[in-house]
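Mind docking chain X on chain C? Use the hints.
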Amino acid sequence: MLSGLGALVRKDLLRQVRDVKSLVIYLGVPLLLTFIMGISFGGGVFGGSGISAIPMALAGGDLPGGMRDQLTQGLQETGLFTVTWTDSTEAARLVAEGEVRAALILPDELMSRFFQGDDVVFKLWKDPNSQVKAGIVEAIMTGILGQFQAKEAAYRSLWPDDELGEFGELEEPLEEIFSGDPVRAVRALRTDDGALREELLLRFERGASFGQSMQEPALVLDLHDRQDWAAEDDTRPSRNLYDYFLPAFAVFFMMWGTVAIIRDLHRERENRTLARILTGPVNVATVALGKWVTAVIMASTQLMVLLIAGGLLFGVRVGDAPVALLLVAVATAGAAASVYLILGLVVSTEKAMDALTTVFTLVFGMLGGNFFPIDLMPPALHAVGRITFNYWGNRAFSEIITHGKGLFDVVDELLVLSTIATLGLIVAVAIFAVRQRRGVAA
Amino acid sequence: MRLNPGLIWTIMRLRLKRVMADRANLIWLVAMPLVFSFIMGELMGNWSSGSSPQFTFIVYGAANGGEQLAEILAPLEDHEDFALVVRDTTASRASIRALLEESRVSGALLVGDGFADSLAAGLTPTVDFFHDSERGSSQRIRGAFEPVFAAAAVRISAQQLVDPAAAADDPGKATAFDVARYDSLVAAPRVRLDAEVLGRSREANLLLTDSRQHSGPSYTLMFILMFLLMGAKDLVQEQKQRTLDRLRLSWASTGDLVLGFFLSGMIVGAFQAVLLLGMNAAIFGIDYGPSPACLVLVMLLFVAVSSAAGLLLGTLSRSGGQADGLGMVLGLGLPALGGLWWPLEIVPPFMQSIGRALPTGQAITIFHDMIGRGWGIAESAPMLLGLTAWLVVLLALAVVFFRRAVNP
Numbered sequence: 001m002l003s004g005l006g007a008l009v010r011k012d013l014l015r016q017v018r019d020v021k022s023l024v025i026y027l028g029v030p031l032l033l034t035f036i037m038g039i040s041f042g043g044g045v046f047g048g049s050g051i052s053a054i055p056m057a058l059a060g061g062d063l064p065g066g067m068r069d070q071l072t073q074g075l076q077e078t079g080l081f082t083v084t085w086t087d088s089t090e091a092a093r094l095v096a097e098g099e100v101r102a103a104l105i106l107p108d109e110l111m112s113r114f115f116q117g118d119d120v121v122f123k124l125w126k127d128p129n130s131q132v133k134a135g136i137v138e139a140i141m142t143g144i145l146g147q148f149q150a151k152e153a154a155y156r157s158l159w160p161d162d163e164l165g166e167f168g169e170l171e172e173p174l175e176e177i178f179s180g181d182p183v184r185a186v187r188a189l190r191t192d193d194g195a196l197r198e199e200l201l202l203r204f205e206r207g208a209s210f211g212q213s214m215q216e217p218a219l220v221l222d223l224h225d226r227q228d229w230a231a232e233d234d235t236r237p238s239r240n241l242y243d244y245f246l247p248a249f250a251v252f253f254m255m256w257g258t259v260a261i262i263r264d265l266h267r268e269r270e271n272r273t274l275a276r277i278l279t280g281p282v283n284v285a286t287v288a289l290g291k292w293v294t295a296v297i298m299a300s301t302q303l304m305v306l307l308i309a310g311g312l313l314f315g316v317r318v319g320d321a322p323v324a325l326l327l328v329a330v331a332t333a334g335a336a337a338s339v340y341l342i343l344g345l346v347v348s349t350e351k352a353m354d355a356l357t358t359v360f361t362l363v364f365g366m367l368g369g370n371f372f373p374i375d376l377m378p379p380a381l382h383a384v385g386r387i388t389f390n391y392w393g394n395r396a397f398s399e400i401i402t403h404g405k406g407l408f409d410v411v412d413e414l415l416v417l418s419t420i421a422t423l424g425l426i427v428a429v430a431i432f433a434v435r436q437r438r439g440v441a442a
Numbered sequence: 001m002r003l004n005p006g007l008i009w010t011i012m013r014l015r016l017k018r019v020m021a022d023r024a025n026l027i028w029l030v031a032m033p034l035v036f037s038f039i040m041g042e043l044m045g046n047w048s049s050g051s052s053p054q055f056t057f058i059v060y061g062a063a064n065g066g067e068q069l070a071e072i073l074a075p076l077e078d079h080e081d082f083a084l085v086v087r088d089t090t091a092s093r094a095s096i097r098a099l100l101e102e103s104r105v106s107g108a109l110l111v112g113d114g115f116a117d118s119l120a121a122g123l124t125p126t127v128d129f130f131h132d133s134e135r136g137s138s139q140r141i142r143g144a145f146e147p148v149f150a151a152a153a154v155r156i157s158a159q160q161l162v163d164p165a166a167a168a169d170d171p172g173k174a175t176a177f178d179v180a181r182y183d184s185l186v187a188a189p190r191v192r193l194d195a196e197v198l199g200r201s202r203e204a205n206l207l208l209t210d211s212r213q214h215s216g217p218s219y220t221l222m223f224i225l226m227f228l229l230m231g232a233k234d235l236v237q238e239q240k241q242r243t244l245d246r247l248r249l250s251w252a253s254t255g256d257l258v259l260g261f262f263l264s265g266m267i268v269g270a271f272q273a274v275l276l277l278g279m280n281a282a283i284f285g286i287d288y289g290p291s292p293a294c295l296v297l298v299m300l301l302f303v304a305v306s307s308a309a310g311l312l313l314g315t316l317s318r319s320g321g322q323a324d325g326l327g328m329v330l331g332l333g334l335p336a337l338g339g340l341w342w343p344l345e346i347v348p349p350f351m352q353s354i355g356r357a358l359p360t361g362q363a364i365t366i367f368h369d370m371i372g373r374g375w376g377i378a379e380s381a382p383m384l385l386g387l388t389a390w391l392v393v394l395l396a397l398a399v400v401f402f403r404r405a406v407n408p
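Residue numbers (the working numbering), protein chains in the order written: chain C, 1 to 442; chain X, 1 to 408.
Misleading hints may appear alongside valid ones.
So the derived list for chain X, only partly shown, Cβ under 10 Å to chain C, looks like this [as the list claims (entries may be wrong)]:
{"no.": "1", "residue": "LEU26"}
{"no.": "2", "residue": "ALA31"}
{"no.": "3", "residue": "ASP128"}
{"no.": "4", "residue": "PHE145"}
{"no.": "5", "residue": "GLY285"}
{"no.": "6", "residue": "GLY333"}
{"no.": "7", "residue": "PRO343"}
Listing some non-contacts, in silico: residues in chain C with all C-beta distances to chain X over 10 Å [unchecked claim]:
{"no.": "8", "residue": "GLN73"}
{"no.": "9", "residue": "TRP85"}
{"no.": "10", "residue": "SER348"}
{"no.": "11", "residue": "VAL416"}
Calculated from the structure, these hints are not laboratory results. Where is the CB? At the ideal position from N, CA and C, for every residue including glycine.
Pulled out of the complex, with its shape left as it was, chain X reads as follows:
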């Protein structure tokens, strides 16, 4: 089959002109992906810690708690995940519940009247902790507060074993409780857990610990796919207007037309990819890992798969409306299933398998591996091969159906 590079170039140029001429396309090409990356990154929050505290842990009735409460709360001051707000005044349970329900605080502690006196009298005072088990910020506050509270409770229980008079005869009693020793042992326990992420440097903030490291690449991939699928309508329009027939009757082969449309999609997608990845890096500081070659390869393959999918959709659709509808179904369904909206690790295993079999799942997995593990082409080869397989299948189908469409 002889190809006509001049004609292919003309088709590509025309499509690019058409895309660039419509300023509304800029919304889909650039603006919306960035808005989505930003807002979804904010919504998902920082998966690790270290950002400035956005959440509030409020304590009511601190005046009732005395020094004991101040000691309990001391380790939580200047916490990196939340701001501790201590109020001497008390509040009703209903008003605290309302604060949580309205997301004005993420956790609250209510210290009742007589807390310090009860403690001094050897009674067992109760404090009320309000939280929301379905909110990440609330879980973090609970995760930070419970250990310090438990440590305080253990200390107070242990101190009740202090009875210097009885200690000589009763081995179960102690002559004293060394508070300084307790604090130092709790602060530096001999039995401890050292947690470490096996990946790229945490200090350099290059890990997949900031949700934008997920949302940036995710929405880049999603909007490239969506834009190229929505472009299928143009192909349907050209069929309807008989532009393709006229081209065929003159001097264009099916190969020229397929390549022209496929490559023009690739150029639009590549342009979008460069723009979005660059802006995500510049604005949100996203790092794509140590292998630029792998980054280029995965983007080229994904753009090619998306362009081939758009071409196939355009040849299979009988009307612009049908192309739009199917484009929207695929443009939203494939990202949702492939883990572009949320990490695949949180869905059931069978959904993970489906996700990783799809081009969206393969591409985002490669991104995660580049960012988190620092992988390159060799390590990501299975997923890159998966994308290649999708490209071959979609392009072959597109050629077959395109040929049928223009040679009925």
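Just chain C, with the same shape it has in the complex:
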């Protein structure tokens, strides 16, 4: 049954290897895209990874110089912000024109309003085109204020009579503390008849007691981050983004490469080569198997060459489980070859196949996680992604390269891919046989 298979595979391989331009595209483009993705998100040789410091403006308020400097220094030392002090008109312009991502506008008479117990409303103006960075600013500010709000509410619920701003003749000297002259307030306390001093001491004592109780939480929230437990499970947790991008693009371009090989079936039919081949000692099963074997050899070689190149160029860690990597490459290539063989055989012309496989490859590329890590997708799309063969290939590569797993950890993925490859090949041969019976195979 398989007589002539070797010759068919040799012929197809020779034809593929001689097409240097296609080889350059299928190998060069994924490397280029990986490079772009890597420097965009991974830092690499061009700088640090992660989101760069967020430019923000601060405006308004009547903070004493020292507090203003401390606030600026505190924000900048987090490494998250670059701070510019300005007035509110200029801050609005900076935000509206996208020169800063957000502006925090402090209310007028901030300190006296705060200590008199009046409402203190900070305004945060956000750049409409900065969903990510302006969102980070809002989240941080909300988090800081949230803690304060809860504690202030708790204090006022314990001692409702301790309202702020009820210091009578001490009020004016107390305000001086916040404008940089604490001496006057201390002198005023010394000359006070004692009642206010008592009141102040009472509040200091309650404040100290309250502060102590807040240091001993009544409830503990134990956070379990998936990234941490994944790192604990990993023999070699990876944070090199090239580790994700390179296998993802390699699989995606392997899909295009496989389409090009299977497409030959239509070219051979249209220029009657297939008819001549079938007059020899081969049947349609051998022809289909020949295309499948060629596609598997070329596609798995393409994957391995790309991964090795990625290891050399971008430091993608491919060296720990070479056997597992090779088996996954072959299984992914086998599944791809079977799926595209079916797609190639259900249509009758090369053009129709191009149209069908283009849509198929792009949609499967998206759903299977070749453009976007599948973990980030909404649950419904995540579930849909599992029906794509490339999802299982991507997942197996991720386990080996990103998480440092070995052959036994990707057995499930290998089984799924092998099943798709085997069943797909059987279906493809059956379709080809039906086409031959109907006289449309060649």
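Showing chain X alone in chain C's frame:
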């Protein structure tokens, strides 16, 4: 140089006929951009909030939590970003981890045995919160849950200072804790943050808050560029088949040929732009801002730049395969670098500079400014000038190389 409008029109008509005759082109012209806009919009999720919850925050062991837990969770019911699912039954940590790993939930809370009793006894119970710091949906759940948990923890800690007997002698003790006052003060704090987006009306949902407001224009631009770059192969084919030489030998000048190919690319690109922008507006409700003039201008310039790039690529390529390969490299590389695949604000500053210097980055920046800031031609002038500069340079190079190609 005298131009022959009749010949230019003929070249344009022929190319249009060729494009329209091939139904497979419809995939690249219309179907794929819309599929990409839809799926990538779904994948990126809504950058703001307000859509129906697609994500689940599950609580296990609610029966252990008693009233205290119910109070903690109450503010999270009917949350706009996620659905809160409360189960009285408990679950193992391993099974909760698996739920997160399989993306079946985006956050989970495990309340252990004796939570309520420990709390009543003045002990410090611990609850386990499972999340994934690299998932946006998980971050939102954590962002919503942590403040309400912290507020509850503060309240419980404060309540431990209540000791009516000791309060008379110990100023650090209180006679009571006014829960209603606490809740009202937390709900309406006197020190607060009012966040506001300085742009177009948020209520009207016209801001760049829905990821499709990015993905719709992005994939329109990307597929116009890609289609016109891939069309370079046709020019190479005509050179190979000596069609251009025959035209030159008869009555066509280089100017006629360049204009014919350039304008035919523009018509194909403009057709694609109208179709895609219109369908994106109709299907996904994308709004392009208050300045139709700016929209028309940016699209005309971008289509012209893409057509000139396709023309230049066609004159520089020696074979159809080479044009295809370079077309694919540029068709994928320029959108990736220019911020069509993701917002430029999340890449390092030097990559932002590169992106904004490219026509793809300039065009999408104009779109973002139209949609988010409501800008028009005057405000977008620097970026429009940038696109014009690209057009002049690419067209000039295309003319020079075209002339060399047809007059060797």
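A quick look at each hint next to the structure:
1. LEU26: With a minimum Cβ separation of about 9 Å from chain C (threshold 10 Å), the hint on LEU26 (chain X) holds.
2. ALA31: holds (7 Å)
3. ASP128: holds (5 Å)
4. PHE145: holds (8 Å)
5. GLY285: violated (17 Å)
6. GLY333: holds (6 Å)
7. PRO343: Status holds, d = 7 Å.
8. GLN73: Since the minimum Cβ distance to chain X is about 21 Å, GLN73 (chain C) lies beyond 10 Å and the statement holds.
9. TRP85: holds (18 Å)
10. SER348: holds (14 Å)
11. VAL416: holds (15 Å)
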